[in-house]
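With the sequences and hints as input, model every part of the structure.
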Amino acid sequence: MMLLASFVSATFGASIAQEKTEPAPGRGARRLVVERDRDLDPVWHVYVVQGNRPLERRWSVGSFGGRSDAHALRETVWTAPDRIRMTTREGAVHEVTVTPGGRPDRVVSAGR
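Residue numbers (our numbering): 2 to 113.
If you're looking for bench data, these hints aren't it; they were derived computationally from the structure. Misleading hints may appear alongside valid ones.
[To be verified] Per label pair, the in silico range of CB-to-CB distance:
id : residue 1 : residue 2 : range
1  : R90       : R39       : 17 to 25 angstroms
2  : R104      : L41       : 28 to 36 angstroms
3  : Q19       : T88       : 18 to 26 angstroms
4  : A18       : D70       : 15 to 23 angstroms
5  : E36       : E91       : 18 to 26 angstroms
6  : T88       : T22       : 12 to 20 angstroms
7  : R59       : R39       : 17 to 25 angstroms
8  : D106      : G29       : 18 to 26 angstroms
9  : P24       : S61       : 28 to 36 angstroms
10 : G92       : L56       : 20 to 28 angstroms
11 : G92       : P26       : 18 to 26 angstroms
12 : E91       : R58       : 30 to 38 angstroms
13 : S110      : G29       : 23 to 31 angstroms
Note that the Cβ used here is the ideal one computed from N, Cα and C, for glycine as well.
The following block contains the structure:
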């Protein structure tokens, strides 16, 4: 399976594109990262990354999209140093709190 994934990636290019990286207000080592699959049914993945390479830690905050355009991710913003707001195209709002260590209090899934 890994060999097939490597072949597809090498043949057709990377299937994930980074769309946004935004540092948390007042927290230099914490950032929000949004990536999008380049598939026919795009899926957006939202992560919180704490620290710097090579020791950085990464946690999933949410996945949005798939077959329904209504679940596509329209906006992702920090509303506080420890709070993220994600809004879909249909207007659904999801807020997640991030612990002092960087871990989100929950993971959101819309349309998957």
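We went through each hint and held it up to the structure:
1. Our hint of 17 to 25 angstroms for R90 and R39 holds, since their Cβ atoms are close to 18 angstroms apart.
2. For the hinted restraint 28 to 36 angstroms between R104 and L41, the CB-CB distance of approximately 32 angstroms keeps it satisfied.
3. A hinted range of 18 to 26 angstroms for the beta carbons of Q19 and T88 is consistent with their spacing of about 19 angstroms.
4. The hinted range of 15 to 23 angstroms is satisfied by A18 and D70, whose Cβ atoms lie roughly 18 angstroms apart.
5. At about 21 angstroms, the CB distance of E36 to E91 agrees with the hint of 18 to 26 angstroms.
6. Between T88 and T22 the Cβ separation comes to about 18 angstroms, which falls inside the hinted range of 12 to 20 angstroms.
7. A hinted range of 17 to 25 angstroms for the beta carbons of R59 and R39 is consistent with their spacing of about 20 angstroms.
8. Under the hint 18 to 26 angstroms, the C-beta atoms of D106 and G29, about 22 angstroms apart, fit the expected range.
9. The hinted window of 28 to 36 angstroms between P24 and S61 is violated, with their beta carbons roughly 19 angstroms apart.
10. A C-beta distance of roughly 38 angstroms is found between G92 and L56, which places it outside the suggested range of 20 to 28 angstroms.
11. With their beta carbons about 25 angstroms apart, G92 and P26 fall inside the hinted range of 18 to 26 angstroms.
12. The hinted range of 30 to 38 angstroms is satisfied by E91 and R58, whose Cβ atoms lie roughly 32 angstroms apart.
13. Checked against the given bound of 23 to 31 angstroms, the beta carbons of S110 and G29, roughly 29 angstroms apart, stay inside it.
In this structure, the earlier hints numbered 9, 10 are contradicted, and the remaining ones agree with it.
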